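Chain by chain, the residues run as shown.
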Amino acid sequence: MKSILNLLIAIPTLLLSTSCDGQIKNAKIVTVKIDGNCEMCEKTIESAANQKKAASVDWNKDTKQATITYDDSKTTPDEILKRVALAGYDNEKFLAPDDAYAGLPGCCKYERNRKKSELKGSVTGKSEDTTTESTSVNQSTVTNQFKTIFDSYFELKNALVKTDAKMAGLKATHLTSQLNKVDMSKLENSQHEAWMKVYKDLIARSELIATAKNIEDQRTQFMVVSKNMHELAKVAKLDTAVYYQHCPMYNDGKGANWLSMENAVKNPYYGSQMLNCGKTIETIK
Amino acid sequence: MNYFKHMIFGIAAILCNYSFAQKKVRYDLYVRDTVVNFAGKEKKAYSVNGQIPMPELHFTEGDTAEIYIHNELQTETSIHWHGLILPNEQDGVPYLTTAPIKAGTTHIYKFPLVQNGTYWYHSHTKLQEQVGMYGAFIIHKKKKQELPEYTMVLSDWTNMKPFEVHRRLHNANDWSAIKKAKIQKGAAQSYADAIADKSLGIKLMNEWKRMLAMDVSDVYYDKFLTNGKTEDEASQFKAGDKIRLRIINGSSSTYFWLKYAGGKINVVASDGMDVEPVEVDRLIIAVAEIYDVVVTIPSDSTAFEFLATSEDRIRNTSLWLGSGVKQLASPLEPLKYFEGMKMMNGMINMDGNLDDMGMNMSLQQMDMNVVMYPEITGRKNDRNTKEHDHSQMENQYNSNALSDIVTLNYSMLRSPTKTKLPDAPTKILNFTFTGNMNRYVWSINNKTVSETDKIMIKKGENVRIILYNNSMMRHPMHLHGHFFRIVNKHGDYSPLKNVLDIMPMETDTIEFAATESGDWFFHCHILYHMMSGMGRIFSYENSPPNPQLPDPKKALRKLYRDDREFHFMFENDFASNGNDGEMMYMNTRWKFQTEWRLGYMNEHGYEAEAHFGRYFGKMQWLFPYVGFDWRYRKMHSDEIEKNIFGQYNTKDLRSALCFGVQYTLPFMVVADGRIDSDGKFRLQLMREDIPLSKRLRMSLMYNSDLEYMGGLKYILSKTFALSAHYDSDMGFGGGFTFTY
Chain A
1 MKSILNLLIA
11 IPTLLLSTSC
21 DGQIKNAKIV
31 TVKIDGNCEM
41 CEKTIESAAN
51 QKKAASVDWN
61 KDTKQATITY
71 DDSKTTPDEI
81 LKRVALAGYD
91 NEKFLAPDDA
101 YAGLPGCCKY
111 ERNRKKSELK
121 GSVTGKSEDT
131 TTESTSVNQS
141 TVTNQFKTIF
151 DSYFELKNAL
161 VKTDAKMAGL
171 KATHLTSQLN
181 KVDMSKLENS
191 QHEAWMKVYK
201 DLIARSELIA
211 TAKNIEDQRT
221 QFMVVSKNMH
231 ELAKVAKLDT
241 AVYYQHCPMY
251 NDGKGANWLS
261 MENAVKNPYY
271 GSQMLNCGKT
281 IETIK
Chain B
286 MNYFKHMIFG
296 IAAILCNYSF
306 AQKKVRYDLY
316 VRDTVVNFAG
326 KEKKAYSVNG
336 QIPMPELHFT
346 EGDTAEIYIH
356 NELQTETSIH
366 WHGLILPNEQ
376 DGVPYLTTAP
386 IKAGTTHIYK
396 FPLVQNGTYW
406 YHSHTKLQEQ
416 VGMYGAFIIH
426 KKKKQELPEY
436 TMVLSDWTNM
446 KPFEVHRRLH
456 NANDWSAIKK
466 AKIQKGAAQS
476 YADAIADKSL
486 GIKLMNEWKR
496 MLAMDVSDVY
506 YDKFLTNGKT
516 EDEASQFKAG
526 DKIRLRIING
536 SSSTYFWLKY
546 AGGKINVVAS
556 DGMDVEPVEV
566 DRLIIAVAEI
576 YDVVVTIPSD
586 STAFEFLATS
596 EDRIRNTSLW
606 LGSGVKQLAS
616 PLEPLKYFEG
626 MKMMNGMINM
636 DGNLDDMGMN
646 MSLQQMDMNV
656 VMYPEITGRK
666 NDRNTKEHDH
676 SQMENQYNSN
686 ALSDIVTLNY
696 SMLRSPTKTK
706 LPDAPTKILN
716 FTFTGNMNRY
726 VWSINNKTVS
736 ETDKIMIKKG
746 ENVRIILYNN
756 SMMRHPMHLH
766 GHFFRIVNKH
776 GDYSPLKNVL
786 DIMPMETDTI
796 EFAATESGDW
806 FFHCHILYHM
816 MSGMGRIFSY
826 ENSPPNPQLP
836 DPKKALRKLY
846 RDDREFHFMF
856 ENDFASNGND
866 GEMMYMNTRW
876 KFQTEWRLGY
886 MNEHGYEAEA
896 HFGRYFGKMQ
906 WLFPYVGFDW
916 RYRKMHSDEI
926 EKNIFGQYNT
936 KDLRSALCFG
946 VQYTLPFMVV
956 ADGRIDSDGK
966 FRLQLMREDI
976 PLSKRLRMSL
986 MYNSDLEYMG
996 GLKYILSKTF
1006 ALSAHYDSDM
1016 GFGGGFTFTY
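In order, the protein sequences belong to chains A and B. Under our numbering, the very last position in the first sequence is 285; numbers go up by exactly one each time. Under our numbering, the very last position in the second sequence is 1025; numbers go up by exactly one each time.
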């Protein structure tokens, strides 16, 4: 009987004694390139890569070099780099999924040089959010200033369609910064006129979306942002068609509008609750 | 990589001998014992020609297949040609259509190939399929295919022996859930997980309705495999290539979600039959199901991930298409189990029947599981929006209406040719799928294969089956030797398939023309469901005798033995105050159970009880039994115990027969009322294995002899647990519990 009691005490002690060791054993070190921009990138990359007792990564934002220290009996550089890519960062071995990249904060949107452009005509029906994002980032020489604003706006709209408040906040921050970058002196007359009418309200509401606590407040502001964007759309001379769409139910049945790159309705005011509610009321070319 | 010991022998053994005059294609398959290391441990498995999966067999429509199976195992085996239209005795279900292939013998299959498409073949003996006996069977069209192709055979691997997996499922052993929770927090769905999720009320309601957890899949697998590898690479493809992927789910019990990092997936065939091409973002492939899809490699110097994720989202396996830097597909986020539980609570009645609330669910269009999918219904922390505010009921579970991700379902499949059955009398059958998760009983109309007669059908008639799934899991139902139409909105162009995945609460209609002869199996293709008896046998009237089965009655008894099998369970708590244990031996309906409490001193007493009884009802909540009860305890001379009915009990030395009945109450509390041959009544309430946290379980018991017990158990491994309990007879005790 005594011996059983002793055993009972011994087992937990044994269990405890093995679990207080943070060192990486059998350490191997490799250096690899991981794309990224800033300190926030560094944080995300390292926390995605690090693994207790198995992997520790130090990434330098200037050289883009990561030093990976890992226990080769427990993990491989490939496993670590896969986690980094899943967190949104392209590297020598893996490319991030498009939605992981899209989810990065604006300041972290590094240029995706590793991603090869798609062959024309080979891919059918890619959805708007992924392709437009990667191309807009890659083209550093944008002649039409409004184009970048519309790209940010559509990303914000897509986040609202997905009822993703966090993402919408990030996208709104991005939109705000794009709006602030507009150089009025380089706008055409008609654009300048429209811009002067809406820009203050637009920036203010975009900021409100960025700081809003919940998706309902974001959507309320988005209604007015969309109205302002519609004014800009008329003069923006975008190279693709833009659809002005209408949901009759939102705003206590008074209805609300938004802009979309595609004719199919994806409602940003209700998201999945009534994704396909609404109709296109105007096509701007 | 010490994969296969017999690899060299195996490769040498593939003898592919084309004989042009008769268009006969011969394969020799050598089935051997092997040792593999798929997941960190060396384990026994079966290989064919030295490989797992079995070799990919290629034929052309019109060929005659001649396949020699050389059984070099110590045990018998069989091979079933899944999806093929062939003479009954070539179908390969041992004891039903074909002679079993005894150890050390060679069996020759020979049949003409009257169709084309992607099919597969696997052992139909016991649980052999789980340990390697599955492979692709491809019949090319006579006209050459214009697209390059690649075959993807998916499977699941566990380091546990399949026999053990099966036995533990029947004992409601939750080690699988603990293993899953090690990878994905919350998967054990314990009280602690519920509290962390602010969903304790949901968890309690779930237990009130006598459910243990949301089981999306009930086996923990150590690895998922593509062509026998965690990751397979097809680097021969270049940018711009369109590739026909032949995807076969050869797993024993795993459904997979399929996604492609390079864009949309074009579905062009299912279960071997062409369908009108349909473009989707993702699809789920049921156990034993087959899809042919066309995907495109969009850009240069990149390998694109074709990702297969198990339905429980615990692990993945992938195929890389193209070469270069690897473009990942975004992984599926963990399931919101408690959202699923909440949905289930709403759908299940107190009597255990499911209620679809008038939604007429069918053909995978309404997937109640979407409530658990973050990519469709949002992440948990986005729940602050008012849910279901404006949503119409009929769209609440419609994945394609809820999001911009297009998911394939059966209503989207359309045959390119008319599939209308010939004008003939129609036999209509109604099958309701029934099951008990906790005892792992799976049946049709609450009867297993061995509990029913064969269903007689006539050649020339049409058979229509209306299926309703009243169980809590999805079932991939497979019909041997025929294609059935899945009746959908395309009417005369309804698709032809031989596997139908039916989700809980769905009602689907399938129909086929009875054109063959002999006996054909219709069963759930989840291996452990099939072995538990979830199936039926269709038998053609006036079939000629089957030369392979000289004694059909005896053969049938052998077949029935599968679902009549008894499962053994043993548990003993070696505690400081005594031994406390239980042993069970049970099958679908019957259970023999014995329990003991053995003190170390006479004052603590010794007692043992044995019960033998039968479960009744499709929920199996009622269990009447007869038993024998023996106890000895040295009492102090003036001590007499009195129960709440005013009956006295000395307990000194007693042996009595007893008759009783157990009934499972809400919260999984088992009420046990009995009377013994001395006329004593006892009423007892007991609840075991309350999941407090991932590994901590609590048991409580109280009875009318004023005895009570409370215990805690901390599960260390699949066989050992630390335990502590307090017992009114034996006092406080601690020790460890051994479970087999």
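Keep in mind that the hints were calculated from the coordinates and are not lab data. A couple of the hints might just be wrong.
[Unchecked claim] BS3-like mimics (lysine-lysine), calculated; alpha carbons at most 27 Å apart, straight line:
no.	chain 1	residue 1	chain 2	residue 2
1	B	Lys508	A	Lys25
2	B	Lys1003	A	Lys74
3	B	Lys329	A	Lys82
4	B	Lys527	A	Lys74
5	B	Lys527	B	Lys326
6	A	Lys53	B	Lys326
7	A	Lys74	B	Lys979
8	A	Lys181	A	Lys166
9	A	Lys74	B	Lys428
10	A	Lys53	B	Lys527
11	B	Lys328	B	Lys387
12	B	Lys523	A	Lys115
13	B	Lys514	A	Lys74
14	A	Lys93	B	Lys329
15	A	Lys52	B	Lys508
16	A	Lys147	A	Lys43
17	A	Lys53	B	Lys464
18	A	Lys52	B	Lys329
19	B	Lys329	A	Lys74
20	A	Lys254	A	Lys186
21	B	Lys527	B	Lys470
22	A	Lys43	B	Lys387
23	B	Lys467	A	Lys52
24	B	Lys732	B	Lys549
25	A	Lys213	A	Lys234
26	B	Lys527	A	Lys93
27	B	Lys1003	A	Lys116
28	B	Lys843	A	Lys82
29	A	Lys82	B	Lys387
30	A	Lys116	B	Lys523
31	A	Lys53	B	Lys903
32	B	Lys464	B	Lys483
33	A	Lys53	B	Lys508
34	B	Lys843	A	Lys93
35	B	Lys467	A	Lys115
Since we're looking at a predicted model, the values are computed, not measured.
Hint check results:
For the hint linking Lys508 (chain B) to Lys25 (chain A), the alpha-carbon distance of about 26 Å falls within 27 Å, and the restraint holds. A distance of roughly 23 Å separates the Cα atoms of Lys1003 (chain B) and Lys74 (chain A); the hinted pair therefore holds under the 27 Å criterion. For the hint pairing Lys329 (chain B) with Lys82 (chain A), the CA-to-CA distance comes to about 31 Å; that exceeds 27 Å, so the pair is violated. Taken as a hint, the Lys527 (chain B) and Lys74 (chain A) pair is broken in the structure, with Cα atoms around 38 Å apart against an allowance of 27 Å.
Of the pairs offered as hints, the one joining Lys527 (chain B) and Lys326 (chain B) is violated, with about 38 Å between alpha carbons and a cut-off of 27 Å exceeded. A C-alpha spacing of about 22 Å is found between Lys53 (chain A) and Lys326 (chain B), which places the hinted pair at or below 27 Å, so the restraint holds. At most 27 Å may separate the alpha-carbon atoms for a hinted pair to count; Lys74 (chain A) and Lys979 (chain B) meet this at roughly 25 Å. Taking the CA atoms of Lys181 (chain A) and Lys166 (chain A), the gap is about 23 Å. The hint holds against a cut of 27 Å.
A hinted pair counts as satisfied when its Cα atoms are at most 27 Å apart, and Lys74 (chain A) with Lys428 (chain B) does not qualify at roughly 50 Å. At roughly 43 Å between alpha-carbon atoms, Lys53 (chain A) and Lys527 (chain B) are farther apart than 27 Å, so this suggested pair is violated. Restraint check for Lys328 (chain B) and Lys387 (chain B): satisfied, since their Cα atoms lie roughly 23 Å apart, inside the 27 Å limit. Of the supplied pair hints, the one linking Lys523 (chain B) and Lys115 (chain A) holds, its CA atoms being roughly 15 Å apart against a limit of 27 Å.
Annotation: proposed proximity of Lys514 (chain B) to Lys74 (chain A) holds, straight-line Cα distance about 19 Å (limit 27 Å). Restraint check: the Cα-Cα separation between Lys93 (chain A) and Lys329 (chain B) comes to about 35 Å, which exceeds 27 Å; the hinted pair is violated. Restraint check for Lys52 (chain A) and Lys508 (chain B): satisfied, since their Cα atoms lie roughly 23 Å apart, inside the 27 Å limit. Straight-line distance between C-alpha atoms of Lys147 (chain A) and Lys43 (chain A) comes to about 31 Å, which puts the hinted pair past the 27 Å bound.
The hinted pair formed by Lys53 (chain A) and Lys464 (chain B) meets the criterion: a straight-line CA distance of about 21 Å does not exceed 27 Å. Restraint check: the Cα-Cα separation between Lys52 (chain A) and Lys329 (chain B) comes to about 33 Å, which exceeds 27 Å; the hinted pair is violated. Distance check on the hinted pair: Lys329 (chain B) and Lys74 (chain A) sit about 24 Å apart at the alpha-carbon level, within 27 Å; holds. The hinted pair formed by Lys254 (chain A) and Lys186 (chain A) fails the criterion: a straight-line CA distance of about 37 Å is larger than 27 Å.
Taken as a hint, the Lys527 (chain B) and Lys470 (chain B) pair is broken in the structure, with Cα atoms around 39 Å apart against an allowance of 27 Å. With a C-alpha separation of about 62 Å, the suggested pairing of Lys43 (chain A) with Lys387 (chain B) is violated against the 27 Å cut-off. Only pairs whose Cα atoms come within 27 Å are accepted, and Lys467 (chain B) paired with Lys52 (chain A) is accepted, the gap being roughly 15 Å. In summary, the hint linking Lys732 (chain B) to Lys549 (chain B) is not supported, as the alpha carbons are separated by about 43 Å, beyond the 27 Å threshold.
The suggested pairing of Lys213 (chain A) with Lys234 (chain A) is violated, with an alpha-carbon distance near 32 Å, which exceeds 27 Å. For the hint pairing Lys527 (chain B) with Lys93 (chain A), the CA-to-CA distance comes to about 24 Å; that is within 27 Å, so the pair holds. Of the supplied pair hints, the one linking Lys1003 (chain B) and Lys116 (chain A) is violated, its CA atoms being roughly 48 Å apart against a limit of 27 Å. Under the criterion of a C-alpha separation no larger than 27 Å, the hint pairing Lys843 (chain B) with Lys82 (chain A) is inconsistent with the structure, at around 50 Å.
Note on Lys82 (chain A) and Lys387 (chain B): the hinted pairing is violated, with a Cα-Cα distance of about 47 Å set against a maximum of 27 Å. In summary, the hint linking Lys116 (chain A) to Lys523 (chain B) is supported, as the alpha carbons are separated by about 13 Å, within the 27 Å threshold. For the proposed pair Lys53 (chain A) and Lys903 (chain B), the alpha carbon gap of about 50 Å is over 27 Å, so the pair is violated. The suggested pairing of Lys464 (chain B) with Lys483 (chain B) holds, with an alpha-carbon distance near 23 Å, which does not exceed 27 Å.
Restraint check for Lys53 (chain A) and Lys508 (chain B): the C-alpha separation of about 23 Å stays at or below 27 Å, so the hint holds. Restraint check for Lys843 (chain B) and Lys93 (chain A): not satisfied, since their Cα atoms lie roughly 54 Å apart, outside the 27 Å limit. For the proposed pair Lys467 (chain B) and Lys115 (chain A), the alpha carbon gap of about 35 Å is over 27 Å, so the pair is violated.
Going through the hint list in order, the structure does not satisfy hints 3, 4, 5, 9, 10, 14, 16, 18, 20, 21, 22, 24, 25, 27, 28, 29, 31, 34, 35.
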